[in-house]
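**Q** All chains, please: the whole structure from these sequences, using the hints.
These are the residues of each chain, in order.
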Amino acid sequence: MREAFRQGLRDLGYVEGRNVVIEYRDAEGKHERLPALAAELVALKVDVIVAPPTPAALAAKQVTKTIPIVFAAVSDPVSSGLVTSLARPGGNVTGLSDLTPELVGKCLEQLKQAVPGVSRAAVLWQPGAFGERTEKDLLKAAEVAARALGVRLQFVEARGPDDFDRAFSKMTSARADALTVLPTAMFVSERRRLVDLAAKNRLPTVFPYRESVDAGGLMSYGPNLADMYRRAATYVDKILKGAKPGDLPVEQPTKFELVINAKTAKALSLTIPQSVLLRADQVIQ
Amino acid sequence: MRVIGFVVLAASLALAPLAAEAQQAAKALE
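Chain order of the listed sequences is A and B. Residue numbers are given in the numbering used here: position 277 of the first sequence equals residue 268, and the series is strictly consecutive. Every position in the second sequence, counted from 1, becomes a number in the numbering used here once 38 is added.
By construction, these hints were calculated from the structure, which means they are not laboratory data. Where is the CB? At the ideal position from N, CA and C, for every residue including glycine. A few of these clues could be false.
[As the list claims (entries may be wrong)] Chain A regions said to be covered by chain B (calculated; three or more residues, Cβ under 8 Å): (1) 19 to 26; (2) 34 to 47.
[Stated by the list, open to error] The following residues of chain A were derived to be distant from chain B, with all beta-carbon distances above 10 Å: (3) 14; (4) 82; (5) 118; (6) 128; (7) 158; (8) 187; (9) 259; (10) 268.
[What the hints assert, rightly or not] The following label-pair restraints were derived from C-beta to C-beta distances: (11) B:40 / A:76: 25 to 33 Å; (12) A:270 / B:41: 37 to 45 Å; (13) A:131 / B:40: 25 to 33 Å; (14) B:41 / A:262: 38 to 46 Å; (15) A:127 / B:40: 34 to 42 Å.
**A** Okay, structure coming up:
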C-alpha cells in the first residue's frame, strides 16, 4: 500500500530525494505508539502527514491542528470525528473513505450474477458499527438495489460474535439462499467463523473484503485499496500546491475488485458463469 | 524539498484487519 502511494506521487512528478522526502513511521500494530510517532512527524515540521487508517489519522489530528493530514482508508470519517462533513471537511484533515453506500448494492449485484438463482438474500449487519446516518444510507441502498435485482432481503443483526449462531439460524429458517455481509470491522476480524458458518449452512456469500475470500469465502467485492492509496497522493499534491485540506472534499472509492474462490464454489456445487469468472480480478483455485 | 510524513498502524499487515483495529481504536479514543 505504501508503494501504491509512492507510485501515485511519482505519477504526479515527485521524485524522492530530489523534490520530496518521505518520513515513514510504523507503529507495528501497536496503537499506543501512534501518538508518539505522529508527534515525531510534527516535530520534524513535515509539510503534510499521510495517516491512512482511522487510528493513525486520529493520532495525527490530536497532535496538530495546523499541519495538513490526509487519510486513505477510513470507513466513516464523520462519525470517527476526523471531519465535519464529507463535502467540506473543515479543519486540517481530509482524505479518502473506503466506504460508499452503493457498495452493498454492488455486492448484491455481483452475487446475483455469480449465482443467478438467488431470490432471498440475507444481509448480515452490525447495529451501531457506523454513525446513524451512514447505517441508514447503507441499509436503504441495499433495499433499492435488491428491488432492482428482484431479490428479497432479510436483514439479520449481529452485535458480536456470540450472535452468529442465532443469526445463521434465522437465515436458514427464513430460507435465505444467499448472504451478503456488510463491511464492518467485527465481520472482518471474525471472517473465519463467518466463512465456516456460511459453508456449514451452504449459503453462497459475498463479502466486502478479499481477506474473507482468502479465508475460504465464496466471493468478495470491495474497494481497490491500492487505488485509494494512489489517490491519497493527489491530495498531497494539491495541499503542497497550496490547497487547504478543509476545502478538499472526502472522496469515496471509484475502483472495485471482484475476487472469487473457485474451490468454495465447487464445495457449494455452484457453477459460476464464465462471464463472471472472466471479469474477476482474481479467481482463487 | 517538501517533506511528507507517513504514519501507519502496521505496514506489514493487510489492510482489512487494520480496518478492524482502526475502528476499535476509534471507539477507544471516543
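**Q** All the hints need checking, so say for each whether the structure fits it.
**A** Hint by hint, here is what the structure shows:
no.: 1; hint: 19 to 26; verdict: holds (count 4)
no.: 2; hint: 34 to 47; verdict: holds (count 13)
no.: 3; hint: 14; verdict: violated (5 Å)
no.: 4; hint: 82; verdict: holds (16 Å)
no.: 5; hint: 118; verdict: holds (14 Å)
no.: 6; hint: 128; verdict: holds (18 Å)
no.: 7; hint: 158; verdict: holds (18 Å)
no.: 8; hint: 187; verdict: holds (18 Å)
no.: 9; hint: 259; verdict: holds (23 Å)
no.: 10; hint: 268; verdict: holds (23 Å)
no.: 11; hint: B:40 / A:76: 25 to 33 Å; verdict: holds (28 Å)
no.: 12; hint: A:270 / B:41: 37 to 45 Å; verdict: holds (42 Å)
no.: 13; hint: A:131 / B:40: 25 to 33 Å; verdict: violated (43 Å)
no.: 14; hint: B:41 / A:262: 38 to 46 Å; verdict: violated (54 Å)
no.: 15; hint: A:127 / B:40: 34 to 42 Å; verdict: holds (41 Å)
Comparing the model with each numbered hint stated earlier shows that hints 3, 13, 14 do not hold.
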